[in-house]
Structures are given as structure tokens and as C-alpha cells.
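*Asks:* Spelled out, the chains give:
2 protein chains.
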Amino acid sequence: MPLALDAAAQDLLFHQAHTARAFTDEPVTDEQVRAIYDLIKLAPTAHNSSPLRVTLLRSAEAKARLLPLLSEGNRAQTAAAPLTAILSLDLRFHEKLPKLFPVVPDLKDLAYADPEGRERAGLLSTGLQIGYFVLGVRAAGLAAGPMSGFDAGAVDKEFFGDGRQRALVVVNIGRPGDTAYNPRLPRLDFDEAVSVL
Amino acid sequence: MPLALDAAAQDLLFHQAHTARAFTDEPVTDEQVRAIYDLIKLAPTAHNSSPLRVTLLRSAEAKARLLPLLSEGNRAQTAAAPLTAILSLDLRFHEKLPKLFPVVPDLKDLAYADPEGRERAGLLSTGLQIGYFVLGVRAAGLAAGPMSGFDAGAVDKEFFGDGRQRALVVVNIGRPGDTAYNPRLPRLDFDEAVSVL
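The listed protein sequences derive, respectively, from chains A and B. Counting in our numbering, the first sequence runs from 1 upward without gaps. Counting in our numbering, the second sequence runs from 1 upward without gaps.
In isolation and in its complexed conformation, chain A is listed as follows (with noise of 0.2 Å):
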């Protein structure tokens, strides 16, 4: 038994799991979102800096606003989730430092003052946790559809018109429909990622 994890949840997170294309109308709740949220901040991110932010799209009006920025292929079932969100990196997440990394009070400006260095980092942990919240979402019982396919800086713009946030992935989020599931794409085989020195 080379993992600790069961199998229940190994199926749930990972073999059963699949990203979706379609899904029921079956509302997902604050509730859930809220016990995502609380499950997944856990996991680290460098300095625990936190960066992701997440945007639910609850009303009609804001998924309408996204809509005609996602390539062409994902509007339909965009449309159809009960429920979406833009993920993004919040490009001044070092003003949360003190609060997030106390023991080193200046660390916000000792290891972030620059812009370029910290969207890089940003880019990197809030990566981390978009990989956190498609588990979690799975961890919820919830089918993820996360997407790339859409116009990032037309999404920064019309939602994050402060210049602040830069949109990372869009997810749909919720119970799987009957065309949900494409066919399992090939992973790399172990030997093609993984080398032993």
C-alpha cells in the first residue's frame, strides 16, 4: 500500500475525477464554496503569501460579462454552469504579508518591493493554489471545469479595472452533466518526468 490516501477519496480527487464540459442545473451553495475555501487555504504557498483570489459569478449579469470574452468553445457551457469563477493573482498580495507572515514583519518589502520579481512569485503560488481549488472542488463532491481559453486582458479589464488582479484560469463549478467527460487525454509516462540523480 504505497499511499496513505483511500481509495474513496484517491477516486474522488483523482482516477474519478475529470474536468467538465457540462453540468446540471443543481445549484452550488455558499455553503460549499465556503467549506472549499476553508479546506484549501490551508496548503502552502511561498511565505504563505496567498495570492489567489477567486470572483463567483453568482448573477445572471456578471456571468453576461464574461461571456463574450472566453473563446468561442466555452461560452455554451459557461452559460450552463450553475456556478463560475475567475481566478486570478492579486498583484499587490504583499500587503497581506504582515498579517500572513508575522515572524518577519518587512518581508513585504525586503523580498517583494519589485513588481517583476513579485508577479513572477505571484504567478508560481497562486498556480499552486488554483491546483488546491480544483481538488477542492472535487473535494466537495463538485465536477471543476477550469479553463485558459479566454481573453485574460479583456477579463482584467472589465473586472478588475484597478489594475490589480490578473486573471489566471476561469472554472466552472458543479454537478457533472451527462456530456460532461470527454475520453482521458495520455499522461507522460514516469520515466518522462520524473529523473533520479
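Everything labelled a hint here was simulated from the structure, so no lab data went into it. No incorrect hints appear here.
Treat identical chains as interchangeable: a pair holds within one or across any two.
Distance condition first, Cα-Cα at most 20 Å in a straight line; then the derived DMTMM-like pairs of lysine to aspartate or glutamate: (1) LYS63 <-> ASP156; (2) LYS99 <-> ASP189; (3) LYS96 <-> ASP114; (4) LYS96 <-> ASP189; (5) LYS96 <-> ASP106; (6) LYS96 <-> ASP191; (7) LYS157 <-> GLU61; (8) LYS63 <-> ASP30; (9) LYS99 <-> ASP191; (10) LYS96 <-> GLU192; (11) LYS99 <-> GLU192.
The hints should help you fit chain B onto chain A, whose structure is shown.
*Replies:* Same frame as chain A, but now just chain B:
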């Protein structure tokens, strides 16, 4: 019950798990590493691009090449860890796309010809996979100690002399030792990280 994931799995992956800074000398087996990879390779990346590469430092010689390139505060824990991995971005990940995304055979050129855009996209998807990897280590009943405190340029030169990979995170892996854990740092409240439109 807003989460479907059972409580034991929640504890193993999130609530009880914690970045480890000290380890016992119990070895991490090849079977465990393979099980971790076979689990986390299934989780999604943009266009299934799977740009994460894992370099396991099994030999004392390999470990010795890394130690001087780490921040001083990361050296002792890394020297003592039973296994250390360099997690890197393959800057030429697009060459694997004909295998990984056969539905669009020329995606490699259509979407990823530009090295700068490719690196940015790869950084995000590698971030997702580093998040999955950390949770995969925990799924194996092990503790992960991910670190960003190292001279990335020097690690790239030492381990990836062909310029093909960018080291992003170094992670120690093993059973947590007695002094493994610092107190958990604060996290952002729901309303600081999540907004609803």
C-alpha cells in the same frame, strides 16, 4: 456535510498536514514516489501540457551539489531529509503536446511557438502540478517541505546545464521528525480572498 471528502482524507491532506522542516531517517521508497506520480499526473493542466519535471536527488553526491545553492536556513533540513526533489518547468514542454493533446496535432506550434508566452503558460501549469505534488506526497502518508529559498539560476546551471528547465521549488520528502513543524501561520479570511458578483 458540505464536503464529500471523508474526514480522514481531509486531515491527511489539509488539516493535519503541514510543511515539514525536520525528518526521520526512514527512507522514501521508489514505490512511494511512483505512486505519488501516478496519482498526481491525472490532475488537470492547461491543454494537458504537464510541464512539471521532477528531479529526485537520491545519491549523496547529487544532494551535495544542491546544498550550497540553498538559502542557509534551508540547508540542514535538506541535508537530513531522506529524499529531496527539484521541481522544475520544462521550457520545451510543448514538444510533448503531440502525445499529450493529440486532438489538435499542431497545437505545439499554434499556441506555444513563442518562448515568452510558453514560459508564462508553463509557469502556471507547473504551479498547478507543484500543488498537486505537495498533496500527493501527503497522500502517501509523508510530509513535504517545499522551499523557494534557493539560488534558482545557480540550480538551473548546476542541474539543467542545457538551459531546458527552470527550477521553481525544492521539496524535502519524508516522515516528519520531532521538530518538524512551526505553528501554522494565519490565513486570509474568506472575504479577503473571495468576492461575489
